[in-house]
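Colleague: Listed below are the residues making up each chain.
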Amino acid sequence: MTYKMKAEGVNAFFGKTQALKGVSLDVPENQVVAVIGPSGCGKSTFLRCLNRMHEVAGGSRVGSILLDGENIDDIDPVNLRRRVGMVFQKPNPFPTMSVFDNVAAGLKLNGTRDRGKLAEVVERSLRQAALWDEVKDSLQKSGVSLSGGQQQRLCIARTLAVDPEVILMDEPASALDPISTAKIEELIFQLKSSYTVVIVTHNMQQAARVSDMTGFFYMGNLIEYDVTKKIFTAPSMKQTEDYVTGRFG
Amino acid sequence: MSAAFVYRWRKAKNLAMTGLSLLSVGAALVPLFLIFFYTLSQGIGALNLDFFIHMPKPVGETGGGMANAIVGTGILILIGSAFGLPIGILAGIYLAEYGHTAFGAVTRFMTDVMSGIPSIVVGVVAYILVVLPMGHFSALAGGVALGLLMIPTVTRTTEEMIKLVPDSYREAALALGIQRWRATLRVILPAALKGITTGVLLAIARAAGETAPLLFTSLGNRFWSTDVTQPIAALTVFAYDYSKSPFEDWIRQSWAAAFVLILLIFVVNVLFRIVTRGRFAAER
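Chains as they are written, first to last, in this note's numbering: chain A, 1 to 249; chain B, 1 to 284.
These aren't lab readings, by the way, just hints derived from the structure by calculation.
Possibly wrong hints are sitting among the right ones.
[Said to hold, decoys possible] Here are the simulated DSS-like cross-link-like pairs (lysine-lysine), alpha carbons at most 30 Å apart as the crow flies:
| hint | chain 1 | residue 1 | chain 2 | residue 2 |
| --- | --- | --- | --- | --- |
| 1 | B | Lys163 | A | Lys16 |
| 2 | B | Lys57 | A | Lys108 |
| 3 | B | Lys244 | A | Lys90 |
| 4 | B | Lys13 | A | Lys141 |
| 5 | A | Lys90 | B | Lys194 |
| 6 | B | Lys11 | A | Lys108 |
[Unchecked claim] Taking CB as the label site, the calculated pair distances span:
| hint | chain 1 | residue 1 | chain 2 | residue 2 | range |
| --- | --- | --- | --- | --- | --- |
| 7 | B | Thr276 | A | Tyr3 | 26 to 32 Å |
| 8 | A | Gly116 | B | His54 | 55 to 61 Å |
| 9 | A | Phe189 | B | Ala3 | 41 to 47 Å |
[Stated by the list, open to error] Facing chain A, a subset of chain B residues (Cβ under 10 Å, in silico):
| hint | residue |
| --- | --- |
| 10 | Tyr169 |
| 11 | Arg186 |
| 12 | Val187 |
Using N, Cα and C, we set each Cβ at its ideal position, and we do this for glycine too.
Go ahead and model the full structure; you've got the sequences and the hints to work with.
Modeller: Laid out in structure tokens, this is it:
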């Protein structure tokens with residue numbers, strides 16, 4: 001199995017507070033890795049280390065993370081984030097842009113002017129995000145005029161438009177209703193044929209449904225990382241078992 | 001105490017508070033209307049087409065207008081804006097995006113101090129910076145004085161408005177692999193545009209109403225001039241000069257000048273709003 005990303009002994013800090021303690025985790029290519037754990041366990045921090053957004057918020061990190069064998073600290077953060085895209089917890093379409101411009105933003109703001117190419121990418125991305133049929137007649141409407149679930153799929157389309165290799169999702173469905181959640185999960189399942197996905201989630205059923213591998217974080221430590229089925233049926237650590245059976249957390 | 005009594009008491013308090021709020025709105029609006037209508041009533045005798053298209057008549061003759069002062073005030077505001085707005089807006093962007101340093105804190109403090117400097121002192125600064133080297137009064141000097149007055153207001157409102165834009169947009173843009181400066185310019189700034197516009201208009205309105213810093217910079221001019229290197233007429237300076245005169249006709253014109261100034265600021269406000277409205281402003 002080839003590994004797309006590889007974290008080796010990652011420690012992350014916010015000032016003097018340590019949020020991650022020696023986390024090593026391999027992300028296999030074209031698979032979905034779920035990261036679970038109680039609030040404040042460091043799972044979001046881990047995700048934000050992978051595209052170096054952790055440092056944007058003023059955090060620091062030691063320990064190397066590799067993307068295709070290359071240390072991400074040797075890659076310009078702007079280029080890294082084009083290869084490792086991110087979807088946030090709260091839908092955050094750009095408020096002053098239309099649906100079309102939101103999806104095209106990554107390309108447009110980096111200098112792509114070719115209208116034909118933009119239209120093509122926007123349609124492809126919206127189709128991939130299973131949003132095209134709902135918005136194809138209102139591409140010029142404001143991005144924030146869509147419903148919450150549509151906005152989140154718009155954000156996914158926006159991330160797909162820059163054609164990343166890895167997609168990080170930080171609790172992408174936690175602000176959505178069950179129907180929208182189901183659509184997002186279905187989408188994640190389809191995405192893994194062409195992308196590698198790392199998803200942080202509070203919802204264990206969701207992790208069980210969408211992921212191939214699952215990592216359980218607790219108080220900054222990666223307690224256990226294994227095939228999803230094993231984590232949920234026969235975990236080797238007591239803490240993992242307590243968490244997935246709902247006894248704590 | 002019965003439940004019904006508690007309910008009525010709560011309703012009564014709510015009514016009283018709503019009433020007080022309305023009263024406060026009234027208290028804030030009444031002076032505005034009083035000024036507007038009093039200025040109009042005093043100046044109406046001099047307000048006619050001539051006032052807008054004719055030049056001031058020589059001393060002793062009645063009639064005439066302030067065409068040169070209307071254009072002059074416009075030119076002064078344009079020069080002031082061209083000088084003050086870019087500096088103010090860029091400084092505001094800097095303070096909001098990169099101002100978490102000691103330098104940023106000092107700049108912020110100095111900006112606040114600057115906004116408290118009496119405008120006549122700013123006039124002296126412009127006098128030293130522009131009038132002395134040029135050797136004579138000029139529209140340019142007046143514009144610089146007005147620009148200096150605009151900078152602190154614009155800087156601080158721009159900073160505050162940019163800070164109000166949720167971090168999530170900034171993060172979304174960066175996570176797309178968009179460079180920081182582009183994200184600021186194309187995502188953050190448009191989202192803050194409405195608020196920045198308000199700050200800019202406030203600054204323009206304040207500058208347009210200034211008299212003191214113009215007295216020894218742009219000086220005033222009874223003749224037609226659009227030459228920025230020469231003294232230029234301004235509505236405020238005319239209003240000030242004429243109001244001290246013994247001629248009834250001039251005093252009427254002084255009121256008319258004040259009224260036209262208010263009108264001018266109103267029109268600039270409306271135009272600016274329309275231009276910067278943007279496609280999705282109404283939905284936000």
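Colleague: Now tell me, hint by hint, if it's right for this structure.
Modeller: Tested hints:
For the proposed pair B:Lys163 and A:Lys16, the alpha carbon gap of about 26 Å is at most 30 Å, so the pair holds. For a cut-off of 30 Å, the pair hint linking B:Lys57 to A:Lys108 is broken: about 58 Å separates their Cα positions. Using a Cα cut-off of 30 Å, the hinted pair B:Lys244 and A:Lys90 is violated, with the two alpha carbons roughly 63 Å apart. Taken as a hint, the B:Lys13 and A:Lys141 pair is broken in the structure, with Cα atoms around 43 Å apart against an allowance of 30 Å.
Straight-line distance between C-alpha atoms of A:Lys90 and B:Lys194 comes to about 24 Å, which keeps the hinted pair within the 30 Å bound. A hinted pair counts as satisfied when its Cα atoms are at most 30 Å apart, and B:Lys11 with A:Lys108 does not qualify at roughly 55 Å. Between B:Thr276 and A:Tyr3, the C-beta spacing of about 50 Å breaks the proposed range 26 to 32 Å. Separation of A:Gly116 from B:His54 is about 58 Å and conforms to the stated range, judged on CB atoms against 55 to 61 Å.
One distance hint, 41 to 47 Å for the beta-carbon pair A:Phe189 and B:Ala3, is violated here, with the actual separation near 55 Å. Annotation: interface hint on B:Tyr169 holds; nearest CB of chain A at approximately 6 Å, less than 10 Å. Contact between B:Arg186 and chain A, as hinted, is supported at the beta carbon level, the nearest pair being about 5 Å apart and thus within 10 Å. Annotation: interface hint on B:Val187 holds; nearest CB of chain A at approximately 5 Å, less than 10 Å.
Hints 2, 3, 4, 6, 7 and 9, counting from the list given before, are not met by this structure.
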